[in-house]
Amino acid sequence: MSNLAGNMVALQTIVRREIVRIMRIWTQTLIPPAITMTLYFVIFGRLIGGRIGNIQGQFSYMQYIVPGLVMMSIITNSYGNISSSFFGAKFQRSVEEMLVSPMSNWVILLGYVTGAVVRGLIVGFLVLLIALFFTKLHVAHPLVTILSVLFGATIFSLAGFVNAIYAKKFDDIALVPTFVLTPLTYLGGVFYSVNMLSEPWQAISRINPILYMVNAFRFGVLGISDVHIGVAFIVMLAFVVGLSWVALSLLRRGVGLRS
Amino acid sequence: MSSIPALVVDNLRKTYGNGVQALKGISLTVQPGDFFALLGPNGAGKSTLIGILSSLVNSSEGDARIFGMSVNKQRNEAMKLIGLVPQEINFNQFEKPFDICVNEAGFYGIPRKIAAERAEKYLKELRLWDKAQDQARMLSGGMKRRLMIARAMMNEPRLLILDEPTAGVDIEIRRSMWHFISGINAAGTTVILTTHYLEEAEQLCRNIAIIDHGTIVENTTMKQLLSKLDVETFVFDVNNLPEVLPSLPGITFRRTDEHTLEAEMPRTQAMNALFDAFNAHGITVTSMRNKTNRLEELFVRLVENGRQEQDKQESSKEKVA
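If you're matching them up, the sequences are chains A and B in order. The opening residue of the first sequence carries number 1 in full-length UniProt numbering; numbering runs sequentially from there. The opening residue of the second sequence carries number 1 in full-length UniProt numbering; numbering runs sequentially from there.
Next comes chain B alone, as it looks inside the complex:
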């Protein structure tokens, strides 16, 4: 595998004409073959960053290199290496899915015969082949999203960028999309994923960057990030919940209703004592689960910390003024 990074973002800044500073000098590196999560709340700057990488947005300062090709100086060469699945539907709704894919390949200089073979391959893999000759506007929301993935694969990119590809699709289709994208990644394509479904990012991605207010607030491996979570909350479905709840050092119990008990405990603490206490109080546990997705909890903390920090800075500026 190539040793050149799939993506190097170098001090990228973007200030829009209305004065909004969407990116405040971000830098990050994505290694080839990675499955990389780019997370952040709405308006954090994710789509601006993707826009710059795909040359739809002009940067104000800095550059990005895709497999060594500068987006500013070698745009055409860099674009040959990218496949983009944007957040919004952006194909001609009056064209047929087959034509949309074949035309996309044509824009990348791929001869029509090869394009037709690839269109058939990817439309079949994404379970759209039976709709290939229908007008695209007749497709369901999930089908339209899968069509954009098929279209992005037409130039067989080395770097596939997916901007919220599963937004608004049901869980079954979402899982089939995960399966497809994981397969693409396993075959060697580097994938950058933005999503608001943090479970999706946790399951699929190996490395992660969290962006907020145009700056990177975290950039690490998924494993390292999750290890920062020191407290977890478990939800137990129980029978025979007594009036007086068990008491254990370090664990906080909360009764949600007659049959549900929550326990917040340090991640390092063994759970055996917990079950001993349940047995001692005659509580029967019928099932248990994590209250929230672990990444979600971390994400909320990081973003909130960032906001508090920013509020502090702003209030100190006001005092100075």
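Next up, chain A with everything else stripped away, as it sits in the complex:
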């Protein structure tokens, strides 16, 4: 069997195993984010949002925050999936099954990233379905919507993988979501337009990568964005390339995996 064919079988194996894991513990992986987002819709969208006027003229506050909340659930779940799954494999040492096998490093990375993206997409779809109980949406730019979702999930899957490689204990994979991911998400234009901010906060907000993901997705769904859509995709592509390089480099050097 050629190396490529062997690597493809190995890739399918990792992806299948990841999806089986997501489905096996669906009460931990799929239900909690759906409940959390329902509360956001009720409290921020319906109760508080009902007292806020239209945003950018034509969209209710509920309509405005739906893309941001969907993207927020996609990126937090992609990140959480890969960091807990890969660190769990390290912790139980089952990662050695892959490390002693002939599969290439890119297969390990792509397999875990695909699993995490799948969870992000499933959760994102569930949240979108729930959103439709609260408001009406129509997708303005389907291709931009799909691409921004895939880019967002991939970027945070890669970041979660790097976190899991460096993590030595379970606390280490909780630190980044608590102290980095959550603040960046809340300050990334999910609940407001950065154009509402004064300088220098508007400029500072523009160094937050989540701003570009949220706005790209919002452009896809609503057709409005705080940033130029081309710039958003360049930023996201740069993050995908940069984080992939970092993750592959760590795997090649065996950081946290081989002694």
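Check before you lean on any hint, since a few could be wrong.
[Unchecked claim] Computed cross-link-like contacts, PhoX-like style, restricted to lysine-lysine with a CA-CA straight-line distance of at most 20 Å:
| no. | chain 1 | residue 1 | chain 2 | residue 2 |
| --- | --- | --- | --- | --- |
| 1 | B | Lys121 | B | Lys96 |
| 2 | B | Lys291 | B | Lys228 |
| 3 | B | Lys124 | B | Lys144 |
| 4 | A | Lys90 | B | Lys96 |
| 5 | A | Lys90 | B | Lys144 |
| 6 | B | Lys96 | B | Lys144 |
Simulated from the structure, these hints should not be mistaken for laboratory data.
Use these hints to put chain B onto chain A, whose structure you have.
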């Protein structure tokens, strides 16, 4: 059978980040089809060596070739030829044994249909088929060890490395594992075994290397090694043990209790004179056995000699300093 050695270890060194020198330039060769024992006390460097062979540990210097494939330069090709049973349990405890085996095969690029057939075959051979759909964490310690052997067989390796596979399992399961591994070896798979049960190594292995403090202190055939043992101690269960013990040239007798007598004697000495002396003193022998396993005795001597040598070197260094 291939003439390329199953394993060539060439001047392998490993120094960990904390400065510990685990391997100090070891070299050894294992021929194809061999059943090879790699013995040594705890911390001798066995697991580091196995870690390097399976690419879990990066060597500091030197290389190893598995059927001619360099672990450093042709890692993926070399790994295709190896099956590893590690010392510690290292599968996902929440997965099912069947899935663990099938996934393992998948990592080696083996299509799922073939993987499922092999998983059934090896789980049945290792008497785990009735547990195939249970969560792995529910298995007993012995079952978990057998599961790791089944998993290591999924890529049908040419070189199977077993790092203390029978640690902590009862004798019945241990024997069934010996039977399985011997069968694998008879079918052509080269086996490298590390164990602290020296009886196991003596019974199963044809060649042996003893490693201590990161160096090979002995590398020979099991037969040659055992022939170095010049004195043996036998234990006799006896009746009518007299106050005065028999006296024979070259043999030292010791009374352990009222019904047990030990005799230390050269291996070359015939035992007939011993039994004549027992008869003359009216001692009835009901059973006899070796006091210690022969390999165990040699192993202890070699390791102790090595330690004394090292102590001497260290004390002479201190004097110089």
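Here is how each hint holds up against the structure:
1. Between the alpha carbons of lysine 121/B and lysine 96/B the distance comes to roughly 16 Å, so the proposed pair stays at or under 20 Å and holds.
2. For the hint linking lysine 291/B to lysine 228/B, the alpha-carbon distance of about 17 Å falls within 20 Å, and the restraint holds.
3. For a cut-off of 20 Å, the pair hint linking lysine 124/B to lysine 144/B stands: about 14 Å separates their Cα positions.
4. Between the alpha carbons of lysine 90/A and lysine 96/B the distance comes to roughly 18 Å, so the proposed pair stays at or under 20 Å and holds.
5. A C-alpha spacing of about 19 Å is found between lysine 90/A and lysine 144/B, which places the hinted pair at or below 20 Å, so the restraint holds.
6. In summary, the hint linking lysine 96/B to lysine 144/B is supported, as the alpha carbons are separated by about 11 Å, within the 20 Å threshold.
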